[in-house]
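Work out the full structure, taking the sequences as your base and the hints as a guide.
Chain by chain, the residues run as shown.
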Amino acid sequence: MPAAISPTMERPSAQPTAPALAVSAAGTAASAAARTIIDIDHVDFFYGPSQALHDVSLKLDEKKVTAFIGPSGCGKSTLLRCLNRMNDLIDGTRVAKGSIKIRGVDIHGPQVDVIELRKRVGMVFQKSNPFPKSIYDNITYGLRLQGVKDKSRLDAVVEKSLRGAALWDEVKDRLHTSGLGLSGGQQQRLCIARAIAVEPDIILMDEPCSALDPISTSKVEELIHELKKQFTIVIVTHNMQQAARCSDQTAFFYLGRLVEFADTRTIFMNPANPQTEAYVSGRFG
Amino acid sequence: MAPPSIPPPTTAPAEAAPTSAAPAGFLANKSRFRLFGLTLDGCIKVFFGGNAVVAVVVLSLITIFLFKEGGGFTGQNRANLEIYRRAGLEFVDFMRTQVAGHTALTRELSELRLRQFNRLTQEQKLPPAEANAALATFDKFSDQFDDAVVPLRRLVSDLTETATAIKDKFAINENLSIARQQLLAEGKAAEAEKIAVKPVDFEAELKPLLAALPDYQKAAADEAAKIAAALAAAPALPSPELQARLEKLKSSARAYVNGFPEVEKTLRSWDHRQPVPAARAFAAFVFGREWITQSFWQDWYGILPLLVGSLLVSLAALCLAVPLGIGAAIYVNQLASPREQRLIKPGIEFIAAIPSVVLGFFGIAVLGETLRWLSQQSWLSWVPGFPYSERLNVLTAGCLLALIAVPTIFTLAEDALNNVPRAFKEASFALGASRLQTILKIIVPASLSGIISAVLLGLGRVVGETMVVLLCAGNRIALPDFTAGLSVLTQPVHTMTGIIAQEMGEVPHASIHYRALFMVGLVLFFLSLLINWLAQKIVRRYRIAIG
Chain A
223 MPAAISPTME
233 RPSAQPTAPA
243 LAVSAAGTAA
253 SAAARTIIDI
263 DHVDFFYGPS
273 QALHDVSLKL
283 DEKKVTAFIG
293 PSGCGKSTLL
303 RCLNRMNDLI
313 DGTRVAKGSI
323 KIRGVDIHGP
333 QVDVIELRKR
343 VGMVFQKSNP
353 FPKSIYDNIT
363 YGLRLQGVKD
373 KSRLDAVVEK
383 SLRGAALWDE
393 VKDRLHTSGL
403 GLSGGQQQRL
413 CIARAIAVEP
423 DIILMDEPCS
433 ALDPISTSKV
443 EELIHELKKQ
453 FTIVIVTHNM
463 QQAARCSDQT
473 AFFYLGRLVE
483 FADTRTIFMN
493 PANPQTEAYV
503 SGRFG
Chain B
2 MAPPSIPPPT
12 TAPAEAAPTS
22 AAPAGFLANK
32 SRFRLFGLTL
42 DGCIKVFFGG
52 NAVVAVVVLS
62 LITIFLFKEG
72 GGFTGQNRAN
82 LEIYRRAGLE
92 FVDFMRTQVA
102 GHTALTRELS
112 ELRLRQFNRL
122 TQEQKLPPAE
132 ANAALATFDK
142 FSDQFDDAVV
152 PLRRLVSDLT
162 ETATAIKDKF
172 AINENLSIAR
182 QQLLAEGKAA
192 EAEKIAVKPV
202 DFEAELKPLL
212 AALPDYQKAA
222 ADEAAKIAAA
232 LAAAPALPSP
242 ELQARLEKLK
252 SSARAYVNGF
262 PEVEKTLRSW
272 DHRQPVPAAR
282 AFAAFVFGRE
292 WITQSFWQDW
302 YGILPLLVGS
312 LLVSLAALCL
322 AVPLGIGAAI
332 YVNQLASPRE
342 QRLIKPGIEF
352 IAAIPSVVLG
362 FFGIAVLGET
372 LRWLSQQSWL
382 SWVPGFPYSE
392 RLNVLTAGCL
402 LALIAVPTIF
412 TLAEDALNNV
422 PRAFKEASFA
432 LGASRLQTIL
442 KIIVPASLSG
452 IISAVLLGLG
462 RVVGETMVVL
472 LCAGNRIALP
482 DFTAGLSVLT
492 QPVHTMTGII
502 AQEMGEVPHA
512 SIHYRALFMV
522 GLVLFFLSLL
532 INWLAQKIVR
542 RYRIAIG
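Protein sequences appear in the order of chains A and B.
So the first sequence is residues 223 to 507, counted in the working numbering.
So the second sequence is residues 2 to 548, counted in the working numbering.
Worth flagging that the hints you see were computed from the coordinates, not collected in a lab.
Some hints could be false.
Claimed, not checked - Mimicking DSBU-like on lysine-lysine, the simulated pairs with C-alpha atoms at most 35 Å apart in a straight line are:
hint: 1; chain 1: B; residue 1: K426; chain 2: A; residue 2: K355
hint: 2; chain 1: B; residue 1: K442; chain 2: A; residue 2: K355
hint: 3; chain 1: B; residue 1: K426; chain 2: A; residue 2: K451
hint: 4; chain 1: B; residue 1: K426; chain 2: A; residue 2: K441
hint: 5; chain 1: A; residue 1: K373; chain 2: B; residue 2: K442
hint: 6; chain 1: A; residue 1: K373; chain 2: B; residue 2: K426
hint: 7; chain 1: A; residue 1: K349; chain 2: B; residue 2: K442
hint: 8; chain 1: B; residue 1: K442; chain 2: B; residue 2: K426
hint: 9; chain 1: B; residue 1: K442; chain 2: A; residue 2: K451
hint: 10; chain 1: A; residue 1: K394; chain 2: B; residue 2: K442
hint: 11; chain 1: A; residue 1: K371; chain 2: B; residue 2: K426
hint: 12; chain 1: A; residue 1: K319; chain 2: B; residue 2: K426
hint: 13; chain 1: A; residue 1: K349; chain 2: B; residue 2: K538
hint: 14; chain 1: A; residue 1: K394; chain 2: B; residue 2: K538
hint: 15; chain 1: A; residue 1: K355; chain 2: A; residue 2: K382
hint: 16; chain 1: A; residue 1: K394; chain 2: B; residue 2: K426
hint: 17; chain 1: A; residue 1: K323; chain 2: B; residue 2: K442
hint: 18; chain 1: A; residue 1: K371; chain 2: B; residue 2: K442
hint: 19; chain 1: A; residue 1: K382; chain 2: B; residue 2: K442
hint: 20; chain 1: A; residue 1: K451; chain 2: A; residue 2: K349
hint: 21; chain 1: B; residue 1: K538; chain 2: A; residue 2: K355
hint: 22; chain 1: B; residue 1: K426; chain 2: A; residue 2: K382
Just so it is clear, the structure is predicted and the values come from calculations on it, not from any experiment.
Okay, here's the thing in structure tokens:
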């Protein structure tokens, strides 16, 4: 069914059950010759009359972690939410100019099914938001929406996703208890497991650790390292150390404009723009 | 018992000396305002606390009043039932039941004739006169069956007069003795002496009644014989369907006749001196199927027809209001544009502002007529219960009550939906759910207990509604006929609220009827209490579930 709706979007692995970790071997090879997966091209974005993004252009590589940093209100979250069109849910928002292409397909194109887009581009939110359902039902929610009913397949996906989110050992004995009974850090990892259960290509993370304690934060950061073997990750963060630790590339935004985009090392050690340097060294923002 | 190590108080000022001295008035800006010895804060506290106390006191006064006024009912109803027994009314009613059984059979018989007649005139196209002629044997059988009960009916009617006379005598005596006691209380002993109260000698008065037992035996035997003869001579009906009905009627007639010895046994063992237990007086209220007041024969205060009427009307109202209210809430909260929201929400909430008497008026003048007209359209004849002829019935009242419940259900359900964190919705969309999937799988389940309590509070609103049901439910005090299936909804009923509004103004204070109405009020009170309690309980659970 997904192929019928957006025939031009091709999936890297046609089989959803393809071994996840097999990719890791190819991952190192791919990183050498990174392919662009998201192409943001001169995007202007408006909330009603006020412009939130000014002429942003950015090319994100496949199976890399890209961090968006910048002071509050600089448009980094807005751009992130453009990538799976979550801004559609807010009345009066529009991309006035430019285009966003994922694997070469314009996501605002007339033939694109937004539901299909969101299956390919998963999202983890700032505040953990498991559904008031059991852990098992939380993870299988996305698959069940797609009509998967096969119990053994669902079981397999639950285990795989929870292992992928480094949560399996903690919750394997209480899969059928409420997801709201977990600790904050566990809830956030449950949300990550839920997002990877539908096997997206890209995972967007909107300040995933801002509500977590340092130990949970480090767990999620380790997880991001693991996940990038299989997924392309875009992460918005306020935490400069986090951006430095987890990301391969970093984009610095200020007042709705992209100020600088480069390898993380470059941004933090040798930024080209004085504004960037001022921000990463904590002199403003 | 201070330990010796603590320095004596006289040294304290010396120790305090090193701290810097406070300027005059430091920390001493306390208000000097006093009213009845209370500070301003105290006054405010007393004011708000007083308001809360008034609310609680009023509520408990109402409860106490309800219990006080309704409380005497069981005793009075017991007296009522006791005189029913002692004056022999009960005795006569046993026979009357037998006559009523015969009447029911006769009614079935005449319906059978009507069907046969319709068959002859419509299917075989006979003119009415010929059809009547063809039914001559059936009529003869029917007349014979009819006649069987004549002696018994005559006997019952004679005995009715006797029993009524005894009861009247007792009532007159009661009134006289009350008047006498009043005079005595006022200190007018001489006038009181003039009123002669002779207690009724039930033993003697009942003699003619009990003496009628042989007459009953004769009448019953006569009836049994005549029915047997009539049944033996029953004609066969041409259509198998009607014949089957006739056979069924015959077997119920036989069962009816077989019940005669039981009636006789009851009559023989009947004793007017047997006391009526208080439990029976109470049960007669709770399980009583009849509400008959100001009757020349016997008053019955049974709540069942009213309770069933109230529940039936409320249920019909909920069936309409729940989909409407919840559907509208989901639409407004999840799907509507802000413009539509601004339009629909006040619109629905405005319905709550319509006075219910206006709704009732609308129900009589417009809705009742329209529904009846619709029910008589041939293309709607497949609807169960259609066509019907009573303009005011459960359906009419239910439709209007639904209108009253919709704003309550809508507003509270919309609140419940609104309380679902936005994050759930976003998470669901981010996983590739459509709007409909998100609503059905996430939003509604997450707000389900809120929605259920909205429905319960809507039910509470409907159960307590008075004016609409009084005007539109038809006010027939009888248990609806549930054997009719769904067409029970097109029957007129009376309700608990309706009967209180209708009769309370006209009953004498502290009479049994007055107390019976208070008992109905108590039942209503507890029903509403139960509904509200359930709703609150569910809401509390819901808050915990959302976390």
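Status of the hints after comparison with the structure:
no.: 1; hint: B:K426 - A:K355; in the structure: 14 Å, holds
no.: 2; hint: B:K442 - A:K355; in the structure: 10 Å, holds
no.: 3; hint: B:K426 - A:K451; in the structure: 29 Å, holds
no.: 4; hint: B:K426 - A:K441; in the structure: 26 Å, holds
no.: 5; hint: A:K373 - B:K442; in the structure: 19 Å, holds
no.: 6; hint: A:K373 - B:K426; in the structure: 26 Å, holds
no.: 7; hint: A:K349 - B:K442; in the structure: 21 Å, holds
no.: 8; hint: B:K442 - B:K426; in the structure: 10 Å, holds
no.: 9; hint: B:K442 - A:K451; in the structure: 32 Å, holds
no.: 10; hint: A:K394 - B:K442; in the structure: 24 Å, holds
no.: 11; hint: A:K371 - B:K426; in the structure: 23 Å, holds
no.: 12; hint: A:K319 - B:K426; in the structure: 28 Å, holds
no.: 13; hint: A:K349 - B:K538; in the structure: 29 Å, holds
no.: 14; hint: A:K394 - B:K538; in the structure: 33 Å, holds
no.: 15; hint: A:K355 - A:K382; in the structure: 19 Å, holds
no.: 16; hint: A:K394 - B:K426; in the structure: 27 Å, holds
no.: 17; hint: A:K323 - B:K442; in the structure: 31 Å, holds
no.: 18; hint: A:K371 - B:K442; in the structure: 15 Å, holds
no.: 19; hint: A:K382 - B:K442; in the structure: 24 Å, holds
no.: 20; hint: A:K451 - A:K349; in the structure: 25 Å, holds
no.: 21; hint: B:K538 - A:K355; in the structure: 21 Å, holds
no.: 22; hint: B:K426 - A:K382; in the structure: 25 Å, holds
Against the hints set out earlier in the document, no violation occurs for any number.
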